[in-house]
Amino acid sequence: MNVFHSNIQPFNHSNVIIWFWFVQIKCFKSFANLHLIKKKAIFDFGNHIIGCMLSVKNLTKEFKNLIVVDNLSFEVSEGKIFGLLGPNGAGKTTTIRTILNIIRPSSGNIFFDGKPITTEFFNIIGYLPEERGLYKKSRVIDVIKYFAVLKNIQAKKAISLADEWLNKLDLWDLKEKKIEELSKGNQQKVQFITSVLHEPKLLILDEPFAGFDPINQEKIKELILSFVDQGKIIILSTHQMDTAEKLCSDIMLIDRGKEVCSGSLKEIKKQFGLNVVSVGFSGNISEIKNHPNVIDMNLYGNRAEIKLKEEVQQSEFLRSISQQYSINSFNPIDPSLHKIFIDVIQRNADIR
Amino acid sequence: MRKIFEVAKWEFVEKVKTRAFIISIIITPAIIIGFSMGPTLLSDNESNTTQAIGILDSTGVYFKPLSSELEEYKLDDGQPNYVAVNLYNKHKLFNELKLAGDSLVLTDELEGYLFISEDQHSMKYQFRGRSIGNFKDLKRFERSFNKIRTEIKLSGKGLSSELIKYINDKVELHPIKLEESGKESSANFLVVFFTSFILIMLLMMMILYSGGMLIRSLIEEKSNRLIEILVSSCSSDELLTGKILGLSALGLFQIIIWVVLAIALTGSSLIPADAFKNVAPMLIYFVLGFIFYTSIFVGAGSIASTEQEAQQLTSYISLILLFPIILVFSAVQNSDSFMLQLLSYIPFTTPSIMILRLNLQEVSPQEILITTLILIISIYITITVAAKIFKIGILSYGKRPSVREIFQWLKEK
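Chains A and B, in that order, give the protein sequences.
So the number in our numbering is just where the residue sits in the first sequence, counting from 1, plus 7.
So the number in our numbering is just where the residue sits in the second sequence, counting from 1, plus 85.
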């Protein structure tokens, strides 16, 4: 909350309080169902509110009778990375656009800190779109400065911040160059700078790693994680399930505009994980295939991947086989998000 | 407000810096002036040297008086403008002489030759030359010949040469253009024509040039999704207003440079001083016309998502822009026509037609006021409509929306 206030520059403190009250009263009148959130805000008023958050409620967007986003609800609190995942055409971009306030939802609401988003929020949002590209004929420093002043940063401050960032990403020498003279990777870095220079409270990153080499991917990942420490709210939209798995604490998987599953990464893995164990052995264990609790088994030399029935306890299973066979190792296999993604989306397609 | 200013500043500064803009600022007027002034300058040049004109006179009557009559015309430096060469030779067949004359012209030994033949029924008088476009020369040849012919006819009827001279005394007509309160100036058809033509062409080229630039930059912003970053930083209305303002500033900047250039040129008498007496209202029409078309371009440009679509749109708009140029010629001949009056009140043609009329005639202040108001109101309407199209257009990719869809956008709040 304090960060948010400091970003709306022209108000002094007393004005902020009055304005804040005004918004609260307005919200109270028009959104009775948000009673609880507002109450919390009012009670915490004057102190730092812990966990300022973005909440999306029953978001629906229709284009010409085609429902692109269907009743999505989620919350992202500060210091967390929220993964918005889904196949192509799932409605991720539309969801992002409504949060950015570029398009208006057909129904549903988006609240930031309990207040419906308005154009005031332009200055605290940072956005990195999937398609990259900047003004090719313009100089690096000019482009960065332009996007910063559009976020209400003073020109002088924008330039000093730009210098800082260019240094951080090893682009200092290229400052005066035209964008088109830069390598693709460096252009991407410049674009990344433009989306974070104004220290947004809410950062929306659409495929942030696309087009970066592994070294730069690592660098960008570190930066994103440092934003988490600074308490930014981050929404990450990606196809790369391994990155999502490494970075996101909460995810939502959508398909055809509908939520397929959502929650913390742990819960989802538990929910959609299959009962698979990896067993290291010596001797012959091919007989296990006929064990009543085993669905399927793949043999890899001295290791086997065994798929168990859902209700079977892994420890129970280990006990039952360790008497007959010589087992060297026994590990539960954590399902990758990648696997879950494919399974869930495919299952979804089969149902249709 | 600040964001509008920042967008405008960006559009202005980034475009002023481009090499294309700097070149266009010099090239555009150079091309237009070159095209319109070129022919007159060239024909002036021709008559600065003495021309050899052949005369093939089968009657034998005309050569002598005609050649002395032609040699009366002097160049600026006192040298004779024409030297007459007799092509007649009584020992040769007339047809052969004609062929010989033609070949003299084709080998550029002669500028051309006058061919005179007469039988019982009719008289033939031809100018045979490579170039027959010089009206001034042709007029002189005709006038001189007819004068001699009259003289010969009259003396055939027994009139004394004194009397003939008396009859032949002609007075030339000088056109005088009347203006307010007894002021008068000699209007030169060519000057009026070319000034109007140049001004309208400038307006058209400028609108097309910057309109094209605008559409191209919009498509670039759309294709790399920069537009999404922009509209997540400021509202689409702010963006649109900023773009129009920035581009208009660019247009104004261009005009100012041209006006300064033109005033400098008037000193060197390339452009008549006449052209600038109505400069204030003309500038207003220039700027308003520019803003009007720019807002059309913004609205139209936001629909396009490929270069081809943009070109198509640009060519539609340029058709509307070209229309007044077609009218220039007839307008100069009849500046009071109803058509011209009517077109002054249609915003699409108001700027160019009013610039044209300001050049041709006295336009009443009321009329200037009314047309200006119409233009301002139209600008307001186009910007409002463009803003609505822009808001949705910039975010829709792929297929160009149908007219019906666009109407739906307009209805959306």
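Calculated directly from the structure, the hints in this document are not laboratory data.
Note that the coordinates shown come from a computational prediction; the quantities given were computed from them, not determined experimentally.
Worth double-checking, as some hints may not be accurate.
One side only, chain A facing chain B, incomplete, derived with CB under 8 Å [unchecked claim]: (1) Ile110; (2) Ser114; (3) Ile117; (4) Phe118; (5) Pro136; (6) Glu138; (7) Ile148; (8) Tyr153; (9) Phe154; (10) Lys158; (11) Pro342; (12) Ser343.
We put the CB at the ideal spot given by N, CA and C, even for glycine.
Status of the hints after comparison with the structure:
{"no.": "1", "hint": "Ile110", "verdict": "holds, 7 Å"}
{"no.": "2", "hint": "Ser114", "verdict": "violated, 15 Å"}
{"no.": "3", "hint": "Ile117", "verdict": "violated, 13 Å"}
{"no.": "4", "hint": "Phe118", "verdict": "violated, 17 Å"}
{"no.": "5", "hint": "Pro136", "verdict": "holds, 4 Å"}
{"no.": "6", "hint": "Glu138", "verdict": "holds, 4 Å"}
{"no.": "7", "hint": "Ile148", "verdict": "violated, 13 Å"}
{"no.": "8", "hint": "Tyr153", "verdict": "holds, 5 Å"}
{"no.": "9", "hint": "Phe154", "verdict": "holds, 7 Å"}
{"no.": "10", "hint": "Lys158", "verdict": "holds, 6 Å"}
{"no.": "11", "hint": "Pro342", "verdict": "violated, 34 Å"}
{"no.": "12", "hint": "Ser343", "verdict": "violated, 30 Å"}
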